[in-house]
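Listed below, chain by chain, are the residues.
There are 2 protein chains.
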Amino acid sequence: MSGPIDHAFPPLLNDNILVAARGGKPKRIPIWIMRQAGRYLPEFQEIRKKHGFFEIVNSPELSAEVTLLPIQRYDLDAAIIFSDILVVPQALGMNVIMEPGVGPVLPEPLEEISDVEKLNFSVDVREAMKGTLAAITLTRKLLEGKVPLLGFSGAPWTLMSYMIEGKGSRTLNKAKAWLYRHPLVSEKLLYDIGTVVINYLVEQVVSGAQMLQVFESHADLLSPDLFNKFCLPVLDRIQTEVTRILVERKVEPVPMVIFAKGGHYALHQLSKLTYDVIGVDWTVDPKVARQLVGKDAVVQGNLDPCALYGDDRTIKTLVKKMIDRFGEDRYICNLGHGIYPDAPVESVQSFIDAVHTYFPGLEIQM
Amino acid sequence: MSGPIDHAFPPLLNDNILVAARGGKPKRIPIWIMRQAGRYLPEFQEIRKKHGFFEIVNSPELSAEVTLLPIQRYDLDAAIIFSDILVVPQALGMNVIMEPGVGPVLPEPLEEISDVEKLNFSVDVREAMKGTLAAITLTRKLLEGKVPLLGFSGAPWTLMSYMIEGKGSRTLNKAKAWLYRHPLVSEKLLYDIGTVVINYLVEQVVSGAQMLQVFESHADLLSPDLFNKFCLPVLDRIQTEVTRILVERKVEPVPMVIFAKGGHYALHQLSKLTYDVIGVDWTVDPKVARQLVGKDAVVQGNLDPCALYGDDRTIKTLVKKMIDRFGEDRYICNLGHGIYPDAPVESVQSFIDAVHTYFPGLEIQM
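Residue numbers (my numbering), protein chains in the order written: chain W, 2 to 367; chain H, 2 to 367.
In isolation and in its complexed conformation, chain W is listed as follows (with noise of 0.2 Å):
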């Protein structure tokens, strides 16, 4: 098997990433920060005064040029590709729009069961998300190897509760509303959903993405019994299927991370999974995520993204806190959580720098 088909890629220089999240010993721990190219940075800011948010996602160029971003400004182990998680309504047939001050919103929300037909689920990836796929392709040529590039998507029942509350929610109510009174529905619509995942997923890696996460940031509303239901044989599906179908196309599978965001209650059942990587928020501390998830399991996270609000010294102090308690093996750093716009962009370097400078036995003084 050999990696993208169609693509002469430059050779890696830093696979720290891709070591460790196969279990292997990087040459330093990787780090990489979720929405690391996003609103914090002030040069993002300055592209989003042109472009609208899904406009650079659609446009290879802008969406290229945003990924490395991060990437010039600082010494991370990984690029992401710059997208959004509702590329995949998108492609259903709904509309999103970015509303200024709220986030996305989908006007016109799957309110009955029987809305669902109007969405295509026979649509063909390639086309719909090629913008994406092509954006993926341009960033590993640009990238000359510098970093491994990750792809990603929205889990499924992070995807279904925002199609069926149009934006944001604090309770889930509406989503959680057709777990309840139509499980059957649910799991068929998930299950749909998820084949597009699996596919677009797929189609990122042939584009070449060289690592992919599964974000299913909506696990903080469920319980364990819905998770487990709802959340856990789709995504055991995804992991299994990726892989499959990428064997089946000659193409070299890859790492593959679950992020389950407040899924505190499914580290253990995740770790069960094929993934190959179970990211951990914040609200875990991480010797209890190591005992949830067993000895073999490469686990990544899990700073609080509010601790970028602290000085230099105060982050230094939570990094080395926090790998100290996670182990410097099976471990990739990041966030517990997508970077918050307003983080100070010194921080960041702290945080990068505290990482790189990660030694077991020294004692920092507050």
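For the record, the hints were derived by calculation from the structure and aren't laboratory data. Take every hint as true, because none was put in to throw you off.
Given that identical chains are not distinguished, each listed pair holds provided it fits within a single copy or across any two copies.
Derived pair list, reagent style SDA-like, types lysine to any residue, alpha-carbon separation capped at 20 Å: (1) K168 <-> P101; (2) K288 <-> D226; (3) K168 <-> V103; (4) K168 <-> G94; (5) K230 <-> D286; (6) K230 <-> T315; (7) K168 <-> P342; (8) K50 <-> S60; (9) K175 <-> V103; (10) K131 <-> N96; (11) K175 <-> G102; (12) K273 <-> V289; (13) K189 <-> L233; (14) K321 <-> D226; (15) K168 <-> G104; (16) K119 <-> P108; (17) K321 <-> Y181; (18) K119 <-> E188; (19) K230 <-> R326; (20) K175 <-> E347; (21) K175 <-> V346.
Mind docking chain H on chain W? Use the hints.
Same frame as chain W, but now just chain H:
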């Protein structure tokens, strides 16, 4: 020691919740519902058409009337005084308004740490909270001993974060920035809010409250380290001081519940404090909760509020499963969070019926 000094209240006819809270064996599993006098009740909506939210809170007659609504409609085992956690910031001198469709808003939040100087920590809670305190006394009389009356307060971190954010927030990033940037100021602020909470809770008992719940509603966005540093000591002090002051004033102490919503990571620590009951939200499996708090703890919870969107049979099955897992002993039934405004009133009936007719041997076929 005796009950509240200045009042002669009707004898209590249903002490199930007090017996359970003290670790004894009640005649049936006691049940109450957080926000049971809230917006889901059509009779509450009728009263709200004629009166503002804080008008009801501050009027002893209206507050008592609203508190009794769910007791008249359902066979519950406790009433909880209709009030709001934000009466404490109000007492400290902050303006709080109820914005339709948004929720409570503090138009002049704490922005700089110097803003703390504006807060009136020497407030006389008997004067500032006289509406709610008089409502407690009046409700105790109107209840005619039917069920015990609960009082409550927000916990200091939950109040502090509201006071800084000024409204609901999905990240609490402004308030959490204080914890990372100004840890000493934050600890002092939390201590000082704690003192007012203690005095307020003491006066509630003196006025007739027979049990108290402390709501740490914003635990979900903290890390275990932040919770241990900023919340746990203040929560500990609240329980011990309320009890100590009551004894000193020759008033019988009452059972106290601590409910840290989203505090899955804190359940074990909370069980080591001297609270009588530990509230559990719906993201923690009852068996896991029991393991974390230990066999002697009394637990309260934790049906997913969204379970009330299910039909009668679904609700009964879920309640059965929940109680099977919690076990009947040392248990108080409740939702895992406040009831949502769109919960159907007939589902609440199903929920209560399911608890009252719980039988461990029963098989429910779905």
